[in-house]
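Participant: As a plain string of letters, each chain reads:
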Amino acid sequence: MKFTKIIIAVILVMLLAAAVVFAGGEKETEPVEAKKIKAGFIYVGPIGDYGWSHAHDVGRKYVEGKFPWLETLLVESVPEADSARIIDRFIVEEKCDVVFTTSFGYMDDTVKAGEKYPDKLFMHCSGFKQSENVGTYFAELYQMYYLNGLMAGALTRSNKIGYVGAFPIPEVVRHINAFALGIKDANPDAKVHVRWIFSWYDPSKAKEAAEALVADGCDALAFTEDSPAVIEVGQEHTEKGKPVFTFGHYSPMQQFGVDSVVSGQLVDWGVMYEKILKDIYDGTWSNEDLWWLAAEDAALLGGSFEDKINPKFTDELKAVTVEVPDLGKINVYNLIMKRLDQMNQGTDVFDPFVGPISDNKGKVRIPSGVKASKGQLLSIDYYVDNIVGDVPK
Amino acid sequence: MDSILISVLNRTLVAGTPLLLATLGEIITERSGILNLGIEGMMAVGAVAGFIVTLATGSPWLGMASAILAGILISAIHAFVSISLKANQVVSGLALTMLGLGGASLFGRPFIGRPLPVKMAPFRIPILADIPLVGKVLFNQDPFFYLSLILGVLLWVLLSRTRWGIQIRSVGENPAASEAQGLNISTVRYICVLIGGGLAGMAGAHLSLIYSKSWTEGLTGGRGWIVIALTIFALWNPLRAFLGAYLFGCIFVLQYILQPIGIPPNLLGMMPYLATLAVLFAGGLKKGRRYLHAPAMLGEPYTKGER
Chain L
0 MKFTKIIIAV ILVMLLAAAV VFAGGEKETE PVEAKKIKAG FIYVGPIGDY
50 GWSHAHDVGR KYVEGKFPWL ETLLVESVPE ADSARIIDRF IVEEKCDVVF
100 TTSFGYMDDT VKAGEKYPDK LFMHCSGFKQ SENVGTYFAE LYQMYYLNGL
150 MAGALTRSNK IGYVGAFPIP EVVRHINAFA LGIKDANPDA KVHVRWIFSW
200 YDPSKAKEAA EALVADGCDA LAFTEDSPAV IEVGQEHTEK GKPVFTFGHY
250 SPMQQFGVDS VVSGQLVDWG VMYEKILKDI YDGTWSNEDL WWLAAEDAAL
300 LGGSFEDKIN PKFTDELKAV TVEVPDLGKI NVYNLIMKRL DQMNQGTDVF
350 DPFVGPISDN KGKVRIPSGV KASKGQLLSI DYYVDNIVGD VPK
Chain B
0 MDSILISVLN RTLVAGTPLL LATLGEIITE RSGILNLGIE GMMAVGAVAG
50 FIVTLATGSP WLGMASAILA GILISAIHAF VSISLKANQV VSGLALTMLG
100 LGGASLFGRP FIGRPLPVKM APFRIPILAD IPLVGKVLFN QDPFFYLSLI
150 LGVLLWVLLS RTRWGIQIRS VGENPAASEA QGLNISTVRY ICVLIGGGLA
200 GMAGAHLSLI YSKSWTEGLT GGRGWIVIAL TIFALWNPLR AFLGAYLFGC
250 IFVLQYILQP IGIPPNLLGM MPYLATLAVL FAGGLKKGRR YLHAPAMLGE
300 PYTKGER
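Top to bottom, those sequences are chains L and B. Quick note on numbering that gives the first Met the number 0: the first sequence kicks off at 0 and runs consecutively. Quick note on numbering that gives the first Met the number 0: the second sequence kicks off at 0 and runs consecutively.
Hints were generated in silico from the structure; no laboratory data involved. Check before you lean on any hint, since a few could be wrong.
Non-contacting residues of chain L with respect to chain B, defined by C-beta distances greater than 10 Å in every case (computed) [as the list claims (entries may be wrong)]:
id : residue
1  : LYS37
2  : LYS206
3  : SER226
25 Å max Cα-Cα, derived SDA-like pairs, lysine to any residue [unchecked claim]:
id : chain 1 : residue 1 : chain 2 : residue 2
4  : L       : LYS307    : L       : ASP325
5  : L       : LYS239    : B       : ILE124
6  : L       : LYS360    : B       : LEU257
7  : L       : LYS159    : B       : VAL7
8  : L       : LYS241    : B       : PHE106
9  : L       : LYS128    : L       : ARG156
10 : L       : LYS65     : B       : ARG108
11 : L       : LYS241    : B       : ARG108
12 : L       : LYS190    : B       : LEU4
13 : L       : LYS128    : L       : LYS307
14 : L       : LYS60     : B       : PHE106
15 : L       : LYS37     : L       : ASP118
16 : L       : LYS241    : B       : ALA277
17 : L       : LYS159    : L       : LYS128
18 : L       : LYS392    : B       : PRO263
19 : L       : LYS239    : B       : ILE5
20 : L       : LYS311    : B       : PRO116
21 : L       : LYS60     : B       : PRO109
22 : L       : LYS190    : B       : PRO114
23 : L       : LYS190    : B       : PRO259
24 : L       : LYS239    : B       : GLY112
25 : L       : LYS241    : B       : PRO109
26 : L       : LYS239    : B       : GLY282
27 : L       : LYS159    : B       : ILE3
28 : L       : LYS241    : B       : PRO114
29 : L       : LYS35     : L       : GLU273
Predicted model, so just to flag it, every value in this text is computed and none were measured. Even for Gly, the Cβ is constructed at its ideal location relative to N, Cα and C.
Construct the entire structure; sequences and hints are all you get.
Facilitator: Dropping the structure here:
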């Protein structure tokens, strides 16, 4: 008797849990057209992270609204070891024509799936392995970090600027370096202090790391973490009368800190998905590596899609004048707009990673007048000379 | 240096408050003999309920109240399954965690990325707040902090100084004897589990209304498990829960203060669990005396009239 009751209870609880799990799985469909493409999206995080996966999903919704011939499916929070199973399901059961795998860790499973299903297409985000039917794509934001750095350097009063980093991998180190190079161009005396939280998504760790940096005297904060936690810290201190300038990351975060957010980097995966899916539809798809920057409109400047720079800080930025080799004396606001314009024309017109660039041990890494190659940027593992400390091993 | 000290102390109290609230709830639950491993889920539900209601009504106090209510409601599932159905409490508690986390992210989805329009202002205690150092840290905190202090002391008085407290503890230690005294075991346990749920819900509301002022998935960040460790660390004593909650809160805050001198944050992240293990070891070494004071019937379902 007792045993039966236990079984009933367990089943009851499991059913409840299952109901919630299944209710969470989304499935959206479009009316059927003559020629149709079905695209499956695999996300590593929850859509609700307000960072990486959220941004991809904004892109997915954008293309789905744009193309009447497109049907999309998604699965979120897929552990990196589990992607093969989800890809199989998308191809075999859902009959997807193309699968987008949006995390670096899905790389090998995506390539294997390409061999297994030669008549389907696969797009892997942030990886470097391509094959006949497997392409790669990435929206890179380092240019925007540089522009944020110009602002942070101009605005800081303590000459101590903080950065909350997720994992010490080349992508994040590259962004910190770009940020530091911007700071250096606006304010050669300012130093950058870094705290690592060893997590892509952990609002409370990011918050404590930001608090630690503020306690240490930093009055400007940038970060790589998929929540607005650092912004909230900046806003709180600003409200209490101690201005802390912050820079949004990945999603429009200005609303979380209207008095603190100066600008930020925004990504538009929508334009990338639009191109990729259009190419597939038109039959012009190729497996070339898509590495999109400001010039392709994938990387955008701003803490919101409306303002490139929070209007609250425009006057302050205009009041700071710096001297740069190619433009002479110029106020920081105009410098940022000029550089952004140059970046939009292409990396040959202006790029932050043009030497001379030395690391913080004094070693010259990029010689004078040379632009860093993509390979160098993808493997960067040192701090430039105005960052304090060492990259953790 | 002064500002770092103030910041550490201040952050310790803020980070420790949700731990304290949820631990107090788990202490009263476990004292009555019910093990509830679903703290993480109850906190998540409280956090999202508090956030949604605050957003809709503009009142963080209503938000806090509904978080408590949400915690009570979801803990009622555990109470029903483990008390009335006498099912395995570990399984039911774990299921509650998953149910709570899943439900919270489902209902919270439309609210992701929305800033909180109204904020709960810190409660400044006049005169005392002007004391240097201590004043800034202790007497200018959010209302949750003061409530958690009051609740902690109240719970201690309740458990160790009142007749009700003796009844709750005796239900956890020897339900058969308590029943012989005329107590309704189920009723006492139901009340304790629901109080525990309410406190966990309140802890969740602290996270979404005070700590991060927004709702994002994964907001609870494993605090529910730290609370279970803390309950053991506190030896089921509300006063020791203060020590534990602020100690663990401090460790959490120190992770990033100490990073520049080369202490990896992951090492400090392990500390709460290591500290709990140390308490368990100490308990195991002290033979003869019952050191741990774990309620004797913790996790054991009770059937009326059974010996």
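Participant: Against each hint, give a clear statement of whether it holds in the structure.
Facilitator: Structure-based check of all given hints:
1. LYS37: The assertion about LYS37/L holds, with a minimum of 24 Å to chain B.
2. LYS206: violated, 7 Å
3. SER226: violated, 5 Å
4. LYS307/L / ASP325/L: holds, 23 Å
5. LYS239/L / ILE124/B: holds, 17 Å
6. LYS360/L / LEU257/B: holds, 23 Å
7. LYS159/L / VAL7/B: holds, 19 Å
8. LYS241/L / PHE106/B: violated, 36 Å
9. LYS128/L / ARG156/L: Answer violated: LYS128/L to ARG156/L is near 45 Å, above 25 Å.
10. LYS65/L / ARG108/B: holds, 23 Å
11. LYS241/L / ARG108/B: violated, 33 Å
12. LYS190/L / LEU4/B: holds, 22 Å
13. LYS128/L / LYS307/L: violated, 34 Å
14. LYS60/L / PHE106/B: holds, 20 Å
15. LYS37/L / ASP118/L: This hinted pair holds, its Cα atoms lying about 14 Å apart.
16. LYS241/L / ALA277/B: violated, 41 Å
17. LYS159/L / LYS128/L: violated, 40 Å
18. LYS392/L / PRO263/B: Holds: LYS392/L and PRO263/B sit about 11 Å apart, inside 25 Å.
19. LYS239/L / ILE5/B: Status holds; Cα separation ~15 Å.
20. LYS311/L / PRO116/B: holds, 20 Å
21. LYS60/L / PRO109/B: holds, 15 Å
22. LYS190/L / PRO114/B: violated, 31 Å
23. LYS190/L / PRO259/B: holds, 14 Å
24. LYS239/L / GLY112/B: Judged against 25 Å, a Cα distance of about 23 Å means the pair holds.
25. LYS241/L / PRO109/B: violated, 33 Å
26. LYS239/L / GLY282/B: violated, 46 Å
27. LYS159/L / ILE3/B: With a Cα-Cα distance of about 15 Å, the restraint between LYS159/L and ILE3/B holds, given a limit of 25 Å.
28. LYS241/L / PRO114/B: With a Cα-Cα distance of about 21 Å, the restraint between LYS241/L and PRO114/B holds, given a limit of 25 Å.
29. LYS35/L / GLU273/L: Roughly 15 Å between the alpha carbons, so the hint for LYS35/L and GLU273/L holds.
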